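Colleague: Going down the list, the protein sequences come from chains A and B. Residues in the first sequence are numbered from 0 upward in steps of one, following numbering that gives the first Met the number 0. Residues in the second sequence are numbered from 0 upward in steps of one, following numbering that gives the first Met the number 0.
No lab work stands behind these hints: they were computed from the structure. Incorrect hints may have been included.
One copy or two, it doesn't matter: identical chains are merged, so the pair holds either way.
[Said to hold, decoys possible] Computed list of lysine-lysine pairs in DSS-like fashion (alpha-carbon distance at most 30 Å, straight line):
| no. | residue 1 | residue 2 |
| --- | --- | --- |
| 1 | 54 | 323 |
| 2 | 350 | 248 |
| 3 | 343 | 321 |
| 4 | 501 | 54 |
| 5 | 350 | 431 |
| 6 | 431 | 248 |
| 7 | 98 | 54 |
| 8 | 309 | 321 |
| 9 | 343 | 57 |
| 10 | 501 | 476 |
| 11 | 323 | 87 |
| 12 | 382 | 343 |
| 13 | 87 | 57 |
| 14 | 54 | 350 |
| 15 | 501 | 350 |
| 16 | 453 | 178 |
Since we're looking at a predicted model, the values are computed, not measured.
Below are the chains, spelled out letter by letter.
2 protein chains.
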Amino acid sequence: MKRALSVTREENFPEWYQAVVDQADLAETSPVRGCMIIKPWGWGVWELVQQALDKRIKDTGHENCYFPLFIPMSFIAQEASHVEGFAKEMAIVTHHRLKAVDGKLVVDPSSELEEPLVVRPTSETIIGDAFRRWIASYRDLPVLVNQWANVVRWEMRTRLFLRTAEFLWQEGHTAHASKDDALEETLKMLEIYRELAEDVLAMPVMVGEKPENERFPGADATYSIEAMMQDGKALQAGTSHYLGQNFAKAQNIRFQSATGELEYAHTTSWGVSTRLIGGVIMTHGDDDGLRLPPRIAPKQIVIVPMLREKPEDADLLAYCEKLKTELDGLSAFGLPVRAHLDKKPTRSANKRWDWLRRGAPILLEIGPRDMAGDNVTMIRRDKLRDGDKVISTGLAREQFLAQAPGLLAEIQKNLFDEAKARLDGNIRADLKDFDAIAAFFGAASEDDEKSGFKGWVRAPWSRPTGSELEAIEARLKALKLTLRNVPMGQGQPSGACVFTGKPAVEEIIIARAY
Amino acid sequence: MKRALSVTREENFPEWYQAVVDQADLAETSPVRGCMIIKPWGWGVWELVQQALDKRIKDTGHENCYFPLFIPMSFIAQEASHVEGFAKEMAIVTHHRLKAVDGKLVVDPSSELEEPLVVRPTSETIIGDAFRRWIASYRDLPVLVNQWANVVRWEMRTRLFLRTAEFLWQEGHTAHASKDDALEETLKMLEIYRELAEDVLAMPVMVGEKPENERFPGADATYSIEAMMQDGKALQAGTSHYLGQNFAKAQNIRFQSATGELEYAHTTSWGVSTRLIGGVIMTHGDDDGLRLPPRIAPKQIVIVPMLREKPEDADLLAYCEKLKTELDGLSAFGLPVRAHLDKKPTRSANKRWDWLRRGAPILLEIGPRDMAGDNVTMIRRDKLRDGDKVISTGLAREQFLAQAPGLLAEIQKNLFDEAKARLDGNIRADLKDFDAIAAFFGAASEDDEKSGFKGWVRAPWSRPTGSELEAIEARLKALKLTLRNVPMGQGQPSGACVFTGKPAVEEIIIARAY
């Protein structure tokens with residue numbers, strides 16, 4: 000078989016990533032700076048991610064709603080840390096009319112807004128404003144809402160799915176009567192993100208708390224799931240924030256408690272975005288293109304008839320139509336199997352590679368000989384580069400139908416296991432000090448992205464704060480390293496903090512990151 | 000029973016509308032001019048509308064995708080009529096940074112964009128730009144895409160759902176090799192909109208072609224579905240446009256035909272929006288609030304236990320839980336029944352009115368006596384104002400379970416039939432000239448919105464164009480009247496045009512409108 004992509008992961012990982020996005024027909028850049036066009040195949044993946052997560056969000060008692068795209072500038076200024084973190088690079092609407100001058104369109108200066116509007120970079124302030132109106136008594140709590148929306152952050156260096164000016168996400172926002180309730184909510188949604196990443200996207204993650212300097216602006220605690228990409232970098236794939244009473248105090252979100260006192264609510268927020276698709280690409284893609292976990296593959300089983308523009312084609316198509324109907328009647332993962340018959344007039348060999356690059360989990364190529372023997376020829380996308388047994392020929396149709404749901408489950412598991420082995424096998428936990436860590440990662444050269452796989456370091460630390468933490472951050476930054484998170488559920492660490500030499504209180508993940 | 004709303008339709012229709020939106024907890028105004036907050040109950044309705052339409056869009060071969068929120072100002076200028084129609088009131092992004100000056104946030108003047116960006120009012124131009132890149136040969140056609148998105152039009156006078164600065168919609172965009180193919184697509188989607196309105200929303204519509212002066216800016220033909228509200232006004236509930244080669248020529252969307260020539264593509268676009276929810280309210284609402292057709296009711300059957308804060312409550316709740324589980328196992332309209340058990344500590348009488356105002360189709364009130372007899376007490380929302388038989392008491396639980404899916408279908412049909420009778424019975428087709436029409440509608444006083452039901456007029460006309468049409472429009476406008484559409488499938492009209500006196504070629508609908 001000919002190779003599908005022009006560049007391998009080892010040759011140049013960033014270029015390989017771009018080639019997969021392009022060749023798998025997931026997305027493309029648009030004429031609007033930093034904004035992407037998500038093409039049907041990429042959108043199909045996102046719809047399946049949305050469905051899986053939306054069900055979990057609703058099953059845990061949250062309700063969807065929708066808040067305005069625009070936020071008055073004065074709202075952004077309400078929460079001090081929030082200003083620091085978000086009031087920088089945003090899209091700002093200042094006028095509301097164009098007019099023609101000498102046959103050219105210009106912004107009409109007379110249409111200037113009294114107060115500029117910011118295109119939402121996140122919605123804590125506009126939703127908090129509604130919470131203030133909605134909440135009067137402890138009986139109104141908890142308020143548990145979520146929205147699926149587009150947000151804009153004016154990023155300077157963009158990369159499709161991973162960092163774009165406009166991106167799509169869900170943002171959950173909740174208000175509670177107590178810190179305990181709000182913390183429980185924060186961790187509940189973190190667990191749902193872990194489940195989404197691992198069970199649906201087959202992307203194993205490290206679940207933990209971000210260090211102080213990496214918190215969401217205005218949060219008392221931020222938790223994340225971090226995934227290991229095939230270049231060893233970490234990808235923050237979802238975050239859940241306990242906002243304490245910070246936003247409640249800034250926005251006057253108060254309630255009368257059961258004992259009659261006025262108290263500030265405790266709020267949370269949590270979100271995942273189209274960035275997850277970037278994570279799927281860099282977790283499962285190979286040098287032939289994308290490999291999609293069956294749960295998020297818009298087409299799980301693709302039938303390609305080997306048409307020859309001859310009269311016999313009609314019989315072959317009828318055989319394939321029947322096969323598709325049979326597959327449509329099957330279930331996998333509790334949902335109908337998504338089968339597709341590719342009847343386009345493209346050459347069959349091109350179709351094969353189109354679907355393999357796109358990552359369809361199972362490809363069935365059906366020629367006259369398959370039909371004659373009531374067989375199918377099957378290609379398993381996950382095994383494509385393993386060499387033998389990639390193509391099963393002469394597989395009885397009946398037998399394939401009986402096995403198909405199980406095969407999809409096996410492919411889902413296989414992709415997860417492969418990624419899980421990579422994650423577990425590439426976390427160095429034996430480095431004792433900063434110099435050893437620096438030596439492990441090597442110099443941060445301009446082209447370090449091409450310099451091969453490094454993995455992560457898990458190291459004991461003393462949980463420094465303030466200026467001590469800032470100094471550590473600066474040292475790490477010079478090596479292009481970052482503190483990712485403090486994994487949950489860890490025991491008492493042994494040894495001294497790799498940064499401060501003080502007794503360690505926990506272990507933290509250090510990595511290069513997207 | 001006490002009346003649920005403070006104002007009736009007859010007393011003041013616009014105030015009644017606002018009261019329903021508010022009291023049924025559908026949406027509220029936001030601190031951002033013209034933008035609404037869609038609350039969970041309203042959003043739940045929209046999700047069901049989306050699901051029903053999305054399935055039909057996909058079943059007809061379209062694929063979903065996503066295009067940028069922003070459109071470069073120069074794109075808007077590409078299609079001349081489009082500029083006329085859309086380049087007026089839009090949200091314009093001119094800067095990308097805020098900065099603090101003397102402790103106050105201001106727009107950073109140094110962050111001015113080289114080219115202003117418009118927040119999409121509709122996406123023909125940015126999607127056409129992609130079509131130009133995607134389409135090379137007739138083999139690439141048709142291109143059939145759709146997106147679910149938010150759009151912004153800077154409206155001066157807004158009303159929740161009906162006219163808001165930001166609204167949510169789907170916009171389909173397609174490109175074809177021939178005029179015939181594109182026209183077929185335009186009418187296919189129009190038919191899907193009719194089906195959505197009538198079969199899903201239970202909202203009967205008049206399907207027809209808009210007159211020349213009401214076309215989408217840049218279209219060769221615009222078709223619409225028009226619904227009759229309970230104040231007699233027309234609501235344009237969906238449009239489908241044949242754009243001819245206008246956008247293709249403006250944007251250079253060309254393909255090589257089978258015979259090797261370069262030709263311009265024929266494009267279409269079509270959309271429906273959250274405005275549909277306004278249509279549902281004004282079609283089905285009554286003086287007690289909203290009545291939801293079961294197909295779009297987020298909760299179809301709501302169980303209210305008559306709790307008394309006594310130990311017996313536990314048994315009653317167990318009875319209700321079991322009932323809910325049984326209802327969850329039923330199907331209606333090919334989907335699982337959406338049942339809800341309201342366990343909130345609110346007083347039962349308040350709950351009754353909460354759910355009736357929200358329009359839940361069936362309410363089950365369960366007290367100790369119902370439980371003792373293994374019965375339910377049922378309130379049918381659609382019959383609430385009919386007087387007798389509203390409440391069925393002593394209905395055996397088993398019997399109700401057996402009847403529930405059929406009852407939901409009956410309610411759906413009942414709401415449609417009621418609205419259909421109103422539409423069919425209130426179109427005057429016997430008025431012979433403009434004066435008779437003017438007399439029928441009466442003066443356009445400031446408070447004509449409160450002046451009672453008028454209905455529509457269907458009148459023969461000669462299909463005038465250009466300045467002749469403009470003059471007619473002006474006369475109609477003085478009476479706050481508009482030309483709605485020319486109904487499809489009509490025969491040869493009799494008589495003379497009510498406007499020009501020339502022989503009529505078809506009949507057109509005249510009405511006051513939203």
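Colleague: Work down the list of hints and note, for each, if the structure agrees.
Modeller: Here is what the structure says about each hint:
{"no.": "1", "hint": "54 / 323", "verdict": "both (28 Å within a copy, 19 Å between copies)"}
{"no.": "2", "hint": "350 / 248", "verdict": "neither (59 Å within a copy, 32 Å between copies)"}
{"no.": "3", "hint": "343 / 321", "verdict": "within (17 Å within a copy, 51 Å between copies)"}
{"no.": "4", "hint": "501 / 54", "verdict": "neither (45 Å within a copy, 60 Å between copies)"}
{"no.": "5", "hint": "350 / 431", "verdict": "neither (52 Å within a copy, 63 Å between copies)"}
{"no.": "6", "hint": "431 / 248", "verdict": "neither (43 Å within a copy, 67 Å between copies)"}
{"no.": "7", "hint": "98 / 54", "verdict": "neither (46 Å within a copy, 40 Å between copies)"}
{"no.": "8", "hint": "309 / 321", "verdict": "within (20 Å within a copy, 61 Å between copies)"}
{"no.": "9", "hint": "343 / 57", "verdict": "between (39 Å within a copy, 18 Å between copies)"}
{"no.": "10", "hint": "501 / 476", "verdict": "within (21 Å within a copy, 81 Å between copies)"}
{"no.": "11", "hint": "323 / 87", "verdict": "neither (52 Å within a copy, 50 Å between copies)"}
{"no.": "12", "hint": "382 / 343", "verdict": "within (26 Å within a copy, 53 Å between copies)"}
{"no.": "13", "hint": "87 / 57", "verdict": "neither (34 Å within a copy, 40 Å between copies)"}
{"no.": "14", "hint": "54 / 350", "verdict": "between (34 Å within a copy, 26 Å between copies)"}
{"no.": "15", "hint": "501 / 350", "verdict": "neither (60 Å within a copy, 60 Å between copies)"}
{"no.": "16", "hint": "453 / 178", "verdict": "neither (39 Å within a copy, 58 Å between copies)"}
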